[in-house]
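Residue numbers (the working numbering), protein chains in the order written: chain A, 1 to 99; chain B, 1 to 206.
These are computed hints drawn from the structure, not numbers from a lab. A hint or two may mislead.
What the hints assert, rightly or not - Chain A stretches covered by chain B per the calculated footprint, using a threshold of three residues with CB under 8 Å from any CB of chain B: (1) 21-31; (2) 39-46; (3) 66-74; (4) 80-90.
Glycine included, each C-beta is placed from N, C-alpha and C at the ideal position.
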Amino acid sequence: MTEEAHAGGYRVYGVVWFWLLVITLLELGAVLVHLPHTLLVISLLIMALMKAGLIIAYFMHLRYEKLSLAYAVVTPMFFLAIVLFAFLGPDALSVLHRR
Amino acid sequence: MAHGAVDQQQVLASDWSGGKSPFAVGWPKLMMWLFLVSDTLTFAGLLAGYGVIRISLGRWPVRAEIFNLYLVGAMTFILICSSATMAVAVSAAKRGDHRRVIPYLLLTVLGGLLFLCGQAYEWTHFIREGARLFGNPWGIPQFSATFFITTGFHGGHVSVGVLYLLVTTLRWSRRSIQPESVEIAGLYWHFVDLVWVFIFTLLYLI
Numbered sequence: 001m002t003e004e005a006h007a008g009g010y011r012v013y014g015v016v017w018f019w020l021l022v023i024t025l026l027e028l029g030a031v032l033v034h035l036p037h038t039l040l041v042i043s044l045l046i047m048a049l050m051k052a053g054l055i056i057a058y059f060m061h062l063r064y065e066k067l068s069l070a071y072a073v074v075t076p077m078f079f080l081a082i083v084l085f086a087f088l089g090p091d092a093l094s095v096l097h098r099r
Numbered sequence: 001m002a003h004g005a006v007d008q009q010q011v012l013a014s015d016w017s018g019g020k021s022p023f024a025v026g027w028p029k030l031m032m033w034l035f036l037v038s039d040t041l042t043f044a045g046l047l048a049g050y051g052v053i054r055i056s057l058g059r060w061p062v063r064a065e066i067f068n069l070y071l072v073g074a075m076t077f078i079l080i081c082s083s084a085t086m087a088v089a090v091s092a093a094k095r096g097d098h099r100r101v102i103p104y105l106l107l108t109v110l111g112g113l114l115f116l117c118g119q120a121y122e123w124t125h126f127i128r129e130g131a132r133l134f135g136n137p138w139g140i141p142q143f144s145a146t147f148f149i150t151t152g153f154h155g156g157h158v159s160v161g162v163l164y165l166l167v168t169t170l171r172w173s174r175r176s177i178q179p180e181s182v183e184i185a186g187l188y189w190h191f192v193d194l195v196w197v198f199i200f201t202l203l204y205l206i
């Protein structure tokens, strides 16, 4: 896989750059056309995660590293996201409802 | 008996039995990855705090009326471009394509500086309109507080990154560093871009 990616020269970075720009334009477009709020939030979060995935996998080369490194980096993020949502989400909502 | 010896050999030769690098990267690169994981916690904390404040307040100023989304979009564009030029510089350094390394590193630095100019302009504009760390004309003091602290932390990271890249460029031009050092600087720079993806989405768009 590594050899293949490197043989293609710098092309892969151009392709990733292009898609990052496309997704950024879609994000701006979603805000400017005033999508319904819930749909807007969900689609923006999905697009942000797609951009993050592209940057981590190709620009930061994680896709070409050994899997153990990818697990060591990505697993904590996964649990962090769960913990933040599970612990802080209900707190924020309960404060909102007590107002 | 022979079977057991083979098993034992396999266990000893496995990644985690010592004497090997289980992640198959050198320690400087592994340390940069670990630093980036811990730095993710910094920004996760800032953004989670912002989320809690905003959700628990239930109301928030309309950002489209306050920020210039086109300016922020342009800043995002510049940062993505600088990340791409950094990726090319790293790749060139690793494959020995020496004439590309320094121009692309300098392009990356230029992108970082342009981004900082955009942020300085945005902050100046925001402050002239009356925004302060603990108050602003839009009625919700936490709005400008979270904005200044989160984008300030990110801008600080960009500034440090520009210095880091300049030092890397200088040392590369003196041939005193290996390609791996350029790659490690690249990891930091891409991380700064990665954080901006979330700041851009959560602070400006949602």
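message: Under the constraints set out in the numbered hints, which ones does this structure not fulfil?
response: Of the numbered hints, all hold.
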